[in-house]
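Number of protein chains: 2
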Amino acid sequence: MADDILTPEASDEREAGHYTLDGPFTRSVLEAVEAEDAERLAELLEPLHPADMADLLEQIEGWQRAALLHLYGGRLDGAVLSELDESLREEVIHLLPPDVLSEAVRELDSDDVVDLVEDLEGEQKTMILEALSASSRAAVEQALTYPEFSAGRLMQREIVRAPEHWRVGEAIDFLRTNPDSLPDQFYHVILVDPRMRAVGQVAIGKILSSRRGALLRDLTEEDFRTVPVDQDEGEVAYAFNQYHLISVPVVDEEKRVVGVITIDDAMVVMDEEHEEDILRLAGVGETRISDRVVDTTRRRLPWLAVNLATAILASLVIAQFEEVIAQVVALAVLMPIVASMGGNAGTQALTVAVRALATKDLTGSNVLRIVRREAAVGLINGVIFAVLMGAVGILWFGDIGIAYVISAAMVINMLMAGLAGILIPLLLDKAGVDPALASGTFVTTVTDVVGFFAFLGLAALWLL
Amino acid sequence: MADDILTPEASDEREAGHYTLDGPFTRSVLEAVEAEDAERLAELLEPLHPADMADLLEQIEGWQRAALLHLYGGRLDGAVLSELDESLREEVIHLLPPDVLSEAVRELDSDDVVDLVEDLEGEQKTMILEALSASSRAAVEQALTYPEFSAGRLMQREIVRAPEHWRVGEAIDFLRTNPDSLPDQFYHVILVDPRMRAVGQVAIGKILSSRRGALLRDLTEEDFRTVPVDQDEGEVAYAFNQYHLISVPVVDEEKRVVGVITIDDAMVVMDEEHEEDILRLAGVGETRISDRVVDTTRRRLPWLAVNLATAILASLVIAQFEEVIAQVVALAVLMPIVASMGGNAGTQALTVAVRALATKDLTGSNVLRIVRREAAVGLINGVIFAVLMGAVGILWFGDIGIAYVISAAMVINMLMAGLAGILIPLLLDKAGVDPALASGTFVTTVTDVVGFFAFLGLAALWLL
Numbered sequence: 001m002a003d004d005i006l007t008p009e010a011s012d013e014r015e016a017g018h019y020t021l022d023g024p025f026t027r028s029v030l031e032a033v034e035a036e037d038a039e040r041l042a043e044l045l046e047p048l049h050p051a052d053m054a055d056l057l058e059q060i061e062g063w064q065r066a067a068l069l070h071l072y073g074g075r076l077d078g079a080v081l082s083e084l085d086e087s088l089r090e091e092v093i094h095l096l097p098p099d100v101l102s103e104a105v106r107e108l109d110s111d112d113v114v115d116l117v118e119d120l121e122g123e124q125k126t127m128i129l130e131a132l133s134a135s136s137r138a139a140v141e142q143a144l145t146y147p148e149f150s151a152g153r154l155m156q157r158e159i160v161r162a163p164e165h166w167r168v169g170e171a172i173d174f175l176r177t178n179p180d181s182l183p184d185q186f187y188h189v190i191l192v193d194p195r196m197r198a199v200g201q202v203a204i205g206k207i208l209s210s211r212r213g214a215l216l217r218d219l220t221e222e223d224f225r226t227v228p229v230d231q232d233e234g235e236v237a238y239a240f241n242q243y244h245l246i247s248v249p250v251v252d253e254e255k256r257v258v259g260v261i262t263i264d265d266a267m268v269v270m271d272e273e274h275e276e277d278i279l280r281l282a283g284v285g286e287t288r289i290s291d292r293v294v295d296t297t298r299r300r301l302p303w304l305a306v307n308l309a310t311a312i313l314a315s316l317v318i319a320q321f322e323e324v325i326a327q328v329v330a331l332a333v334l335m336p337i338v339a340s341m342g343g344n345a346g347t348q349a350l351t352v353a354v355r356a357l358a359t360k361d362l363t364g365s366n367v368l369r370i371v372r373r374e375a376a377v378g379l380i381n382g383v384i385f386a387v388l389m390g391a392v393g394i395l396w397f398g399d400i401g402i403a404y405v406i407s408a409a410m411v412i413n414m415l416m417a418g419l420a421g422i423l424i425p426l427l428l429d430k431a432g433v434d435p436a437l438a439s440g441t442f443v444t445t446v447t448d449v450v451g452f453f454a455f456l457g458l459a460a461l462w463l464l
Numbered sequence: 001m002a003d004d005i006l007t008p009e010a011s012d013e014r015e016a017g018h019y020t021l022d023g024p025f026t027r028s029v030l031e032a033v034e035a036e037d038a039e040r041l042a043e044l045l046e047p048l049h050p051a052d053m054a055d056l057l058e059q060i061e062g063w064q065r066a067a068l069l070h071l072y073g074g075r076l077d078g079a080v081l082s083e084l085d086e087s088l089r090e091e092v093i094h095l096l097p098p099d100v101l102s103e104a105v106r107e108l109d110s111d112d113v114v115d116l117v118e119d120l121e122g123e124q125k126t127m128i129l130e131a132l133s134a135s136s137r138a139a140v141e142q143a144l145t146y147p148e149f150s151a152g153r154l155m156q157r158e159i160v161r162a163p164e165h166w167r168v169g170e171a172i173d174f175l176r177t178n179p180d181s182l183p184d185q186f187y188h189v190i191l192v193d194p195r196m197r198a199v200g201q202v203a204i205g206k207i208l209s210s211r212r213g214a215l216l217r218d219l220t221e222e223d224f225r226t227v228p229v230d231q232d233e234g235e236v237a238y239a240f241n242q243y244h245l246i247s248v249p250v251v252d253e254e255k256r257v258v259g260v261i262t263i264d265d266a267m268v269v270m271d272e273e274h275e276e277d278i279l280r281l282a283g284v285g286e287t288r289i290s291d292r293v294v295d296t297t298r299r300r301l302p303w304l305a306v307n308l309a310t311a312i313l314a315s316l317v318i319a320q321f322e323e324v325i326a327q328v329v330a331l332a333v334l335m336p337i338v339a340s341m342g343g344n345a346g347t348q349a350l351t352v353a354v355r356a357l358a359t360k361d362l363t364g365s366n367v368l369r370i371v372r373r374e375a376a377v378g379l380i381n382g383v384i385f386a387v388l389m390g391a392v393g394i395l396w397f398g399d400i401g402i403a404y405v406i407s408a409a410m411v412i413n414m415l416m417a418g419l420a421g422i423l424i425p426l427l428l429d430k431a432g433v434d435p436a437l438a439s440g441t442f443v444t445t446v447t448d449v450v451g452f453f454a455f456l457g458l459a460a461l462w463l464l
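Going down the list, the sequences are from chains W and L. The opening position of the first sequence corresponds to residue 1 in UniProt numbering, with each subsequent residue numbered one higher. The opening position of the second sequence corresponds to residue 1 in UniProt numbering, with each subsequent residue numbered one higher.
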């Protein structure tokens with residue numbers, strides 16, 4: 001019953017060509033685990049895509065994971081390890097028999113191995129590196145010398161390249177004689193000059209559909225881009241999305257090709273960056289749904305502590321006006337409204353700004369216009385809600401003075417919300433701080449402090 | 001100077017292989033427009049990628065756009081239209097001379113034309129459809145019969161297919177004799193049975209690197225998936241990301257291939273879905289940085305109005321305790337802290353839940369465990385901050401009673417925040433409402449109401 005409620009459309013989705021884990025399936029798996037029925041378990045798990053298998057491991061509890069891997073570990077596809085959430089990798093690797101682990105790792109592409117070992121330490125890292133062939137190990141160790149989150153970490157080192165003077169026939173013959181050296185998937189043949197510098201690339205569809213005598217040089221894509229090996233992976237993902245790239249050569253300082261990044265890796269990075277943004281905006285550190293209570297608590301605590309500090313700051317503002325409140329208790333009833341409206345308006349403005357900064361839609365070209373616009377929007381919404389709240393004030397408390405106070409405070413705070421919502425992300429960005437991370441706290445601090453101060457301050461001036 | 005502040009690293013990024021519009025560049029463009037110097041303008045704009053050209057048009061003001069297109073419209077690349085933000089398309093199309101528009105549209109792939117005309121109406125739509133060749137027009141009109149946001153709208157109709165019994169040599173010969181019928185980019189040859197049903201697909205890299213005599217059937221990818229033509233585009237993007245797909249055949253109800261979706265289109269959809277989530281979580285409707293003041297105001301107003309209603313609701317709770325506040329004004333000072341901490345904790349929990357629902361990491365398999373975890377996290381953080389606030393209460397007001405009240409209220413509200421933060425998104429999802437859209441309002445309403453009620457209610461019980 002609970003499963004009915006919480007996995008709507010599970011059956012639709014399976015029909016639609018991709019498989020979503022649902023309650024009944026997971027229950028069958030766990031029953032097979034409990035019955036120690038290795039055969040039934042294999043029957044259930046064999047058809048799973050490695051990504052779904054990783055999801056399954058993430059969704060069950062630690063002791064269930066251990067029991068499942070005890071029964072099934074020997075058959076685990078190596079690709080599951082690179083699909084698995086980082087927080088669980090160490091645990092799962094620890095649970096696998098060493099020979100299974102070696103076998104699994106040898107099947108992976110170099111970029112996946114890098115992804116796997118970069119978060120491991122000591123014994124586990126050594127064990128995995130030793131499982132690789134000498135050439136793969138050298139490749140992985142080389143990749144690990146590039147900075148974290150750089151193109152160098154993201155790229156695969158298997159490169160399909162051809163001298164710039166080759167013809168289609170030569171390229172096809174070369175590919176046919178060396179099929180084992182090719183990466184699993186490739187989309188371009190990179191043309192290089194004698195010094196191995198990338199000079200262009202040809203889509204392999206173009207090679208397939210051209211005559212053997214055609215020069216590769218004549219088939220190159222018009223819009224040719226390369227990525228420096230130390231570029232941030234977020235910038236790489238942005239470029240893929242902006243320019244509809246499929247695969248891009250990665251070059252070193254001398255413009256020599258050292259690897260290739262493909263769009264599927266860029267898509268994963270984009271997804272991770274989005275997740276980071278959305279969680280940071282909510283003041284949540286890197287969190288996984290699979291985290292345990294203690295990890296989750298620890299990750300959320302810092303921002304709650306910051307919030308407590310800012311809430312106390314706002315209370316200190318209120319404390320300055322205790323006398324006023326003691327005389328007009330209605331102020332205590334209404335004051336949260338002004339702060340709340342400011343907080344909301346500020347959050348709207350800052351979210352649009354954070355997103356626009358991330359997509360490079362907010363630049364030097366339009367920043368002044370956008371700041372003016374946010375101020376105008378804040379002012380207009382402020383006036384609209386000032387009129388509304390003025391009316392509420394009169395109807396509720398029958399006091400025109402209170403209506404004046406709340407209306408004026410509303411206009412002031414909404415204007416401040418708009419300005420803080422755009423200026424704080426801009427300043428944080430300029431200071432090199434991710435605006436998604438800290439804008440929310442700063443903006444709501446401004447709107448709380450300004451909201452309480454304007455409302456209670458005006459009340460002290462006008463009502464006493 | 002202002003530009004220096006707001007376009008940090010602009011020069012780095014250009015060096016890094018992709019071009020970011022910055023203040024000085026945009027200023028040069030606008031100067032050329034003002035001087036009506038068409039030659040200089042062309043010199044500046046010619047090297048721009050269509051996506052960057054679209055960004056430029058989005059970042060300048062309406063009258064500047066009109067003047068720029070007046071001078072440069074004749075040379076505009078058709079691809080700019082499909083890169084352009086929907087809100088500006090109509091305006092830009094209106095500014096282009098009809099013959100330029102026809103020329104531009106004829107260069108586009110069928111999926112881009114669909115993307116372009118689906119938001120247009122009347123005269124403009126007719127004009128664009130009439131500019132197409134009869135066959136292209138039929139293709140576009142057919143695509144428009146599929147529901148909005150479906151795979152049918154997203155797919156391109158140019159399909160590269162081969163009979164399942166063909167060999168590599170036959171496929172290459174076929175492709176070489178029909179190069180003009182091929183799409184710009186393609187990554188697989190789809191194998192079809194005599195009834196045109198997809199039975200598998202072969203990566204073209206595999207075709208290139210295999211001998212002419214090899215059977216295509218023996219080269220097919222192990223993990224073969226198709227997408228039903230009416231599947232939601234968000235589900236399609238999810239499948240591409242989860243299973244690292246590059247291109248997927250789209251099939252009708254009889255499993256016949258009707259089109260192909262490629263990963264670059266899926267990446268655009270994923271980006272749009274993320275944007276929608278992030279903006280909806282902040283209570284911002286579909287907004288663009290290029291929107292005018294009046295549109296922005298109108299789009300933000302509804303959620304501010306909802307927030308006003310919930311803020312008034314919270315005030316009504318406070319109003320029940322006016323007498324208590326009149327006697328102990330310290331309560332007015334402290335009460336926003338309880339509400340604010342609950343709101344923050346609730347927002348953390350709901351953001352994690354909304355994200356986990358979007359990535360299908362929260363399913364029937366683990367929902368009970370996650371609900372229990374959120375309750376536990378809420379309780380633990382509640383106790384931690386109860387102790388802290390109890391200490392603050394004693395130090396600040398020297399009153400052990402106030403310390404008890406705020407501590408107890410803090411535990412209650414943080415626990416409620418955790419529960420509301422997970423249960424409200426789940427219930428909204430079950431009800432078919434996007435949890436990103438409405439969770440925030442509901443959760444903060446709960447934490448405000450519970451926070452004020454618990455704090456003031458306990459104060460009424462214990463302090464009077």
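The set of hints was computed from the structure by calculation and includes no laboratory data. There's no promise every hint is true.
Intra- or inter-copy, both count: the list cannot distinguish identical chains.
The calculated DMTMM-like cross-link candidates involving lysine to aspartate or glutamate, where the alpha carbons are at most 20 Å apart (straight line), are [stated by the list, open to error]:
hint, residue 1, residue 2
1, Lys360, Glu86
2, Lys125, Asp109
3, Lys360, Glu272
4, Lys125, Glu90
5, Lys125, Glu91
Hints and how they fare:
Taking the shortest Cα distances, Lys360 and Glu86 sit within 20 Å of each other only across copies (17 Å), while inside one copy they are farther apart (29 Å). Taking the shortest alpha-carbon separations for Lys125 and Asp109, only the intra-copy value of 16 Å comes in at or below 20 Å, while the best inter-copy value is 48 Å. With identical chains, the CA atoms of Lys360 and Glu272 are at most 20 Å apart both within one copy (18 Å) and between copies (15 Å). Taking the shortest alpha-carbon separations for Lys125 and Glu90, only the intra-copy value of 10 Å comes in at or below 20 Å, while the best inter-copy value is 56 Å.
Taking the shortest Cα distances, Lys125 and Glu91 sit within 20 Å of each other inside one copy (13 Å), while across copies they are farther apart (57 Å).
In this structure, none of the earlier numbered hints is contradicted; all agree with it.
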